[in-house]
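Residue numbers (this note's numbering), protein chains in the order written: chain Y, 1 to 195; chain X, 1 to 172.
None of these hints come from the bench; they were simulated from the model. Think of the CB as a built atom: it goes at the ideal place given N, C-alpha and C, for glycine as much as any other residue. Take the hints with a grain of salt, since some may be wrong.
[Claimed, not checked] One-sided and incomplete, this derived list gives chain X residues near chain Y with beta-carbon spacing under 7 Å:
1. V52
2. S53
3. R54
4. Q57
5. A63
6. G64
7. G68
8. D86
9. S87
10. G90
11. L93
12. G94
13. M95
14. R144
Take a look at the letters that make up each chain.
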Amino acid sequence: MFQTADMLKIFQQYRGDAIVVPGRGGRHWVNISAKPERDVPLGDPAMGGHASFALGLALAQPDERIVLFDSEGDVLMNLGALPTIAEQEPKNFYHLLLDNECYATTGGQPVPNAKNIAYDIIARGAGYPHTFAFDNLEDFSNNIEVILNLPGPVFVAMKVVPEIENDPIGRRRRWQTRSREQAIKDLQEELGITA
Amino acid sequence: MTQSQQAQLSPETVLAEMKKNGVTHVVWLPDSETNWLYLLMQAEPSLRLIPVSREGQAFSTAAGLSVGGKTPIILIQNTGLMESGDSLRGWGLGMNTPVVLMVGYRGWTRHGVTQDTAATYTERFLNAFGITYYLVENNADAPRISVAFEEAKRTKRPVAVLVGDEYHGFNR
């Protein structure tokens, strides 16, 4: 296992102009990203939907690379998204999974069969042509540049250290620096999209 | 044209409404009320079909397409709509997604008596979420589809079109 923030710092070196949907990595990415105008921090509109959202964005913007930091809890909630993504074959979609083996934001309860799921194999079985799994940072660091140059959809499962929160939602520190609406507006302006 | 043909909602009419309103992507899960569109949509080069395996996926997919500047339509059945409540809340309403949901109205009857609870709860469900909806039964109603698109764009909210089943008699 490795720290999400450490992984994101390495990813940032190879990000290029990719649009990043930081998902569950948002709280760290907001302090690491050098191109916030190309980030889409949405918080958590409804659990399980980030992969489909990123697919939609990738299909709408085929000339932009889309990188999603998903979570295993989200993926388990919506496994059916994987065959849809594989079937649509978005060449510009990089689906990175933060697997901390638990529901960290609700107190750290384990996800079903937490320690025995191979998400890269699930993704491969769903039809992703390129899948990877990393449980140490050195391997991730040695491979991420090559991975981001493969044609998508690419799936990367990563074992990360859980960052468990037990405070009631209303008492948690807000890490977002922009509202969801502002983040979307900034991205659309960056891409020249008239809403 | 016979009287029964006039009473139908033809797939050609629905497809024309989609094209008129600039639909680029159809996010859908097959159902018995709307399957007649499938072959036509497949053959239409201006549309990209995105099949999903659970209706909740459709709302987040449509949100991504919309943020990326495209015009999706969601094509699902009322049963799946009800399964999608949290996605409709978060990815539809919460993301201000201007999308038309074309919903097969399983169990609908014009006389209001139905044994199908899918129909019983459909409009109650939409009302609970504050979603405007328009009933479309036949070709004469088709302009309501454009009304739904205009409303979705103006309000930046999901708007539903309920497809009443007038053409093959399942719901009579």
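Verification of the hints:
1. V52: Holds: closest Cβ of chain Y sits about 5 Å from V52 (chain X), inside 7 Å.
2. S53: holds, 3 Å
3. R54: holds, 5 Å
4. Q57: holds, 5 Å
5. A63: holds, 5 Å
6. G64: holds, 2 Å
7. G68: holds, 2 Å
8. D86: holds, 5 Å
9. S87: holds, 5 Å
10. G90: holds, 3 Å
11. L93: violated, 9 Å
12. G94: holds, 5 Å
13. M95: Holds, about 6 Å.
14. R144: violated, 24 Å
In terms of the numbered hints stated before, the structure departs from hints 11 and 14, listed from lowest to highest.
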